[in-house]
Structure formats: structure tokens, C-alpha cells
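Engineer: Given next are the chains, with one letter for each unit.
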Amino acid sequence: MTVASSSPPSRLPLGAAEAVAPVKKAKSRPGGDGALAALFIAPAMLGFLVFLLWPTLRGIYLSFTDFNLLTPAEWVGLGNYVRMVNDPIFWQSLWVTVEYVVLNIGVQTVAALAIAVLLQRLTQSSVLRGIVLAPYLMSNVVAGIVWLWILDTQLGIGNEIIAGLGADRIPFLADETWAIPTIAMINVWRHVGYTALLLFAGLMAIPNDMYEAARVDGASEWRMFWRITMPLLRPVLAVVLIMTVIGSFQVFDTVAVTTDGGPANATNVLQLYIYDSAFGRFQFGYASAMSVALLVVLSAITILQYRLTRAGQTDLG
Amino acid sequence: MAAVAETTTTVRPERRRPSFGRVMAWTVMIAIVLITLVPFYWILRTALSSNPGLNAQPADPLPVDLTLGGFERALGLQSTEEAVAQGGAGGGLKFWRYLLNSVLVSTLITACQIFFSAMAAYAFARLRWRGRDTVFALFLAGLMVPTIFTLLPNFVLIKELGLVDNLLGIALPTMFMTPFAVFFLRQFFMNVPKEVEEAALLDGAGKVRIFFRVLLPMASTPVMTLAVLTYITSWNDYFWPLMVSYSDSSRVLTVALAMFRAQTPQSGIDWSGLMAATLIAALPMLVLFGFFARRIVSSISFTGLK
Chain Z
1 MTVASSSPPS RLPLGAAEAV APVKKAKSRP GGDGALAALF IAPAMLGFLV
51 FLLWPTLRGI YLSFTDFNLL TPAEWVGLGN YVRMVNDPIF WQSLWVTVEY
101 VVLNIGVQTV AALAIAVLLQ RLTQSSVLRG IVLAPYLMSN VVAGIVWLWI
151 LDTQLGIGNE IIAGLGADRI PFLADETWAI PTIAMINVWR HVGYTALLLF
201 AGLMAIPNDM YEAARVDGAS EWRMFWRITM PLLRPVLAVV LIMTVIGSFQ
251 VFDTVAVTTD GGPANATNVL QLYIYDSAFG RFQFGYASAM SVALLVVLSA
301 ITILQYRLTR AGQTDLG
Chain X
1 MAAVAETTTT VRPERRRPSF GRVMAWTVMI AIVLITLVPF YWILRTALSS
51 NPGLNAQPAD PLPVDLTLGG FERALGLQST EEAVAQGGAG GGLKFWRYLL
101 NSVLVSTLIT ACQIFFSAMA AYAFARLRWR GRDTVFALFL AGLMVPTIFT
151 LLPNFVLIKE LGLVDNLLGI ALPTMFMTPF AVFFLRQFFM NVPKEVEEAA
201 LLDGAGKVRI FFRVLLPMAS TPVMTLAVLT YITSWNDYFW PLMVSYSDSS
251 RVLTVALAMF RAQTPQSGID WSGLMAATLI AALPMLVLFG FFARRIVSSI
301 SFTGLK
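Going down the list, the protein sequences come from chains Z and X.
The first sequence stops at residue 317 when you use UniProt numbering, and every number in between is there.
The second sequence stops at residue 306 when you use UniProt numbering, and every number in between is there.
No lab work stands behind these hints, which were simulated from the structure alone.
Check each hint, because a few of them may be wrong.
Now the stretches of chain Z that chain X is said to cover, found in silico as 3 or more residues with beta-carbon under 8 Å [said to hold, decoys possible]: (1) 44-57; (2) 80-91; (3) 94-105; (4) 127-138; (5) 253-265.
Listed next, with one range per pair, are the computed distances between beta-carbon atoms [claimed, not checked]: (6) Z/169 <-> X/35: 19 to 25 Å; (7) X/191 <-> Z/306: 23 to 29 Å; (8) X/59 <-> Z/265: 44 to 50 Å; (9) X/199 <-> Z/222: 52 to 58 Å; (10) Z/218 <-> X/55: 55 to 61 Å; (11) X/20 <-> Z/167: 53 to 59 Å; (12) X/191 <-> Z/222: 47 to 53 Å; (13) Z/222 <-> X/133: 45 to 51 Å; (14) Z/89 <-> X/191: 48 to 54 Å; (15) Z/177 <-> X/22: 36 to 42 Å; (16) X/191 <-> Z/304: 53 to 59 Å; (17) X/199 <-> Z/296: 21 to 27 Å; (18) X/65 <-> Z/126: 35 to 41 Å.
From the three backbone atoms N, C-alpha and C, an ideal C-beta is built for every residue, glycine too.
With these hints in hand, go ahead and build the complete structure from the sequences.
Structural biologist: So this is what it looks like as C-alpha cells:
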């Protein structure tokens, strides 16, 4: 089975080599170590029930209420959802988010694949892998601020270079058309190395003999990529895509520190609108309804991607 | 890139002459390394420059007008007048306090989450009890819920518990477990040969003792890997601490940094101070990475769910 979606996208895919193994089906006889098991599982169970299961159910409940934190939640039925469907800002946010995800995931996946293949076919140096991973250690906040500075219209080195080449300076984060692509690329910078290493791990599972054999037959690297690498990497790529798409939809930090939704709502991504509704206007019910909408969108995408990519899944041998 | 056909079968891949394709590939690789690393240098270069210097020579590759003023402002070592004179906002930012808060929160989350998750993982992997598979399936289903979805209701809960603007309130939701940590460690425990445990059992050790004395020490490598990654994740978290903390007492570095960026002085953003603050916020993770780079890099792969 493939656990496709994870909450913190940063978490799911990490696995120690030691832990990689098929789940063995242990025979569980009832009874046994009941009391001891209860003791061992108690803290995790508490965390699971109180901070994962309960908030999930509560979030769904709150989406049907009018709630401002101060007075008790008041049941309003589908009121929030009716309002959401008729709210142009909600649709605008959703659209902006989708635009961001398409750009972010599109560029990131191609770049990560390129880096992974280069790391596999050119050099397997762990120093290079470390360098590629470095931006991932920065928080989104740090990455956002650094690129805000580099891309500053007047003083940023990025624009200095553009001006030096004789072109017009580009207000990357202050312009309605440029802002979303720019934020998408900033997040590519931070996450591409991590994604590349995930793909690299998948590439390492492809036996080197296959490349050797293909080379004997006179195949070019380009041909080997399409005939060996891509088909065999496909299942891994599918899982990585599902995870990164889900992570991408939750974009917030980078936008919050660079543009804060502006200019003119051009970067008002869904998470930012949800945050603003809850903490700026104390409309927790409405914010919850939008969270539910996001959850539905993410689930739908996960199922769809899973169905699409599972078809024709290949395996080694 | 036509490869030389081999006549004899050798185990070692033969050396190929540098071809046009290989040169191109290396060029791309070098470009990627530059794009990755240059922003780090630019942080340092800006942090060591003065604000007037940055305005005068924005494209100078070296620090302009070399000064530690940016770091002094970020760490609150300058008086307000001094800070304003050098292009700072003069707002009292207590970076030592935020650094301490970040360390406390990340340490609390990492230590507790991994310990509790390891206990649960052991119960799932090695103990026999009624309903084990059902409960585990429920935990796994928890992976499906995006964190972002639980943030609002969790905030309401933390508020009801009276823990808003408290470091414990920031740590609490991820302190007990994450489905991922439980799953990750369970995978490890399941692969420890049963004989190890049986030998200890024959020696008369109880199962609690086996967990603490035998299995947990054996799991030190995956535990360390998980710990470093959990630490980095909690250190870099922004959205949740932003919701929960309102004052210096519970403010962590990411939130403080975003605030620093938001308080723009009249003369424009204090880039020198901001980059110094960014460097201070990022440095602990870079140092941590320096120590664990090889382990982290080689451990990033799939959890092998299939």
C-alpha cells in the first residue's frame, strides 16, 4: 500500500535506509501484553486523539457554525458554504493557489528530476548532495526574506544584473503578473534539492547492469533516460508528485513574508485568506469551511493522481 | 554520446572520454550549485555591509563598508538612536530571547515526540494486544489529514487550555506523536530479529527492560536521523507559532524574523540588519547540518511503503 498524502509534506518521505522494508504481517493473538501495550501507547494515543482526531472532527463541525472565539459556536447549517460559493475572493484565492501550484510543481519536478539524474549518472558525490539540500535547512521565512532582498527592484543584485545587461528592472514581488511566478520559484529554490534527493533514492534502486547493457548496445544517455530511467522511476515519481502537490497547496509562509497577499490580492493564496478570516476578522466558522474545502480539493487530487499514475505501474524485473 | 562497446565483460564501468554531453552536464551541475549557494553568500555579504554602503554600491560582490552594525542591531546591542542612525527601525528585538525560545520549543518537541513515538512503535511492532492492527490503521489514516487542517481547531483548543502565548502551547500539538514518527520507528523495530528479544527474555529481562536496554539502543541510528529532521522541521515552523505566540515570552525566531522584516523604518528596509538576523536564525541549522550532513543526505529516501 502506498500512504500517499501526508500532513507535513516535509515529513512523510524521509526514511532511514534501515527502515526500508516491506511491512511484515505479524500474527496478532488477542490478549498477550494488553496492559503493557496500553501503557506504552498511552502518550501517543493521547496526542493522536486530542491533537489530531478531535481537531479534525471539530474543524468539520465548526465549518457549520458561526464562531468568533468569544461566544459559543452557533449552528448555521450550510450558511458558511453558501457564502463561500458566492465569495469572489474565495474563488480568486483558489485560482491564485492553483496557479501557484501548477508553476511550483511543474518547474520543481522537472528540475528535481534533472538534478537527480545528474547526481546518478554524473557523480554520486555526497558533498554535492549535501549542497543541493542546503536551502531545505532554511525556513520558508528565511528563504522568502533572502529572495525579497535579491529581487528588490532598486537594490537587489538580481535586478542589478538585469539592469547591467541593459534590460528593464523587473518588480518581481511588487507586480501583479510577476508575484505568483516569483513566489513559486522561491519555493522551488528551497524544495528542489529535497525532492531531487527523494528521486535520487528511487534512481539508486535501478540496477546499474541495465545501463551497462544499454551502453553495450550503443544507446545514448538521452535514450537510456526515456527507456530505462523514466519507466522504472515512475512509481516513485508518482508518490513524490502526490506529496509535493499536497505540500504546495499549503503555501503560506513565503507569501506572508514577501507580499502578504498583495499587490491587489494577486498573491492572496487560500491559506492566507483562511488565516486572515480567522485571525484578522475572527470568522472561525467561515475559515473552517474554507479549510474543509481545501481538504476536499486535496483528497480529490490525491485520489485522482493515485488512480492516474497507478495505471501502468512498472516494477523492476 | 556514443559509448564504446565493450568486448570483454568487466565488472567495473569503464572510463569514458569527456564528451560534449558530459561537459554540458557538468556545466548544468555547476550552475545548479551556484544558484543554490550564492544566496547564502549574499546574506553574509549584506549582513557585513552598512545600509548607506548598500544603497551606494548595490552590485559590489564584497561587503560594502565592512561593519558589524547589522549583527549588533539584530542582537539588540545598539541603542535606539544608534540603530536609527544606521538605518534600523530601533524596535527592541530580543534575538537572544527568541533564540532561546526556538531552542526550547524544538528540543521539547523533538525529545518528547520521538520518545513517545518510539514507545508506541514498540507496542505496534512487538507487543501482542487486541485491536492492534485497527489502532495502527487509524494512526496511519492520520497521515492523510493535512496539518494545515488541524491548525484552527488546535488553536481553539490551546486557547481553551489557557496556553496561548506560552511555549508549551506551541509544542503541545506535536509533542506526543506524529503518525510519521510512529510509522518510521515501527518499521525499524519490525526488522529487528526476534531472536535478539528472545535471548533477552531467556535471561529473565522484562519487556519494558528489553525496550529500554536492548531495542532503543539498537535504534539509535534511525532515532538520530528522525531527531535531526524533527528538530529542523520544528525550528523552521512559522504558521503555528504565528497563531499561538503574541509576545516576546513565547516568540520564536521565525516569527521574530518576519516581524523584523515588517517593521520598515522610514529610510527603507534595514537590509543589513535583516540579513544579519536571517543569518543568526539560520546558523544553528547549518551547524547541525554540518555535523549530520552525511547521515541526513543518505537517509533521505522512501519509507518503502508499497
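Engineer: The structure should be examined with respect to each hint, and the outcome stated for every one.
Structural biologist: Results of checking the hints against the structure:
For the segment 44-57 of chain Z, the stated coverage by chain X is satisfied: 12 residues place a CB nearer than 8 Å to a CB of that chain, which reaches the threshold of 3. Residues of the segment 80-91 of chain Z with a Cβ under 8 Å from some Cβ of chain X number 0, which does not satisfy the need for three, so the listed coverage is violated. As drawn, the segment 94-105 of chain Z meets chain X at 0 residues by the rule of a beta-carbon pair under 8 Å; below three, the given contact is violated. Counting residues of the segment 127-138 of chain Z whose CB lies closer than 8 Å to any CB of chain X gives 10, which reaches the minimum of 3, so the coverage claim holds.
Coverage of the segment 253-265 of chain Z by chain X holds [criterion: at least 3 residues with CB-CB distance below 8 Å; count 3]. In this structure, residue 169 of chain Z and residue 35 of chain X meet the distance hint of 19 to 25 Å, their C-beta atoms being roughly 20 Å apart. Separated by about 27 Å at the C-beta atoms, residue 191 of chain X and residue 306 of chain Z satisfy the suggested range of 23 to 29 Å. In this structure the supplied range 44 to 50 Å is violated for residue 59 of chain X paired with residue 265 of chain Z, their Cβ-Cβ distance being about 33 Å.
Taken as a hint, the range 52 to 58 Å holds for the pair residue 199 of chain X and residue 222 of chain Z, whose Cβ atoms sit roughly 54 Å apart. Taking the beta carbon of each, residue 218 of chain Z and residue 55 of chain X are about 59 Å apart, inside 55 to 61 Å as hinted. Range check, residue 20 of chain X to residue 167 of chain Z: Cβ separation about 30 Å, and the 53 to 59 Å hint is violated. The hinted window of 47 to 53 Å between residue 191 of chain X and residue 222 of chain Z is violated, with their beta carbons roughly 39 Å apart.
A C-beta distance of roughly 47 Å is found between residue 222 of chain Z and residue 133 of chain X, which places it inside the suggested range of 45 to 51 Å. Remark: the range hint 48 to 54 Å for residue 89 of chain Z to residue 191 of chain X is upheld by a beta-carbon distance near 51 Å. In this structure, residue 177 of chain Z and residue 22 of chain X meet the distance hint of 36 to 42 Å, their C-beta atoms being roughly 39 Å apart. Distance hint check for residue 191 of chain X and residue 304 of chain Z: the Cβ-Cβ separation is about 34 Å, which falls outside the suggested range of 53 to 59 Å.
For residue 199 of chain X paired with residue 296 of chain Z, a C-beta distance near 51 Å fails the hint of 21 to 27 Å. Look at residue 65 of chain X against residue 126 of chain Z: about 39 Å separates their beta carbons, and that is inside 35 to 41 Å.
Hints 2, 3, 8, 11, 12, 16 and 17 from the earlier list are contradicted by this structure; the remaining hints agree with it.
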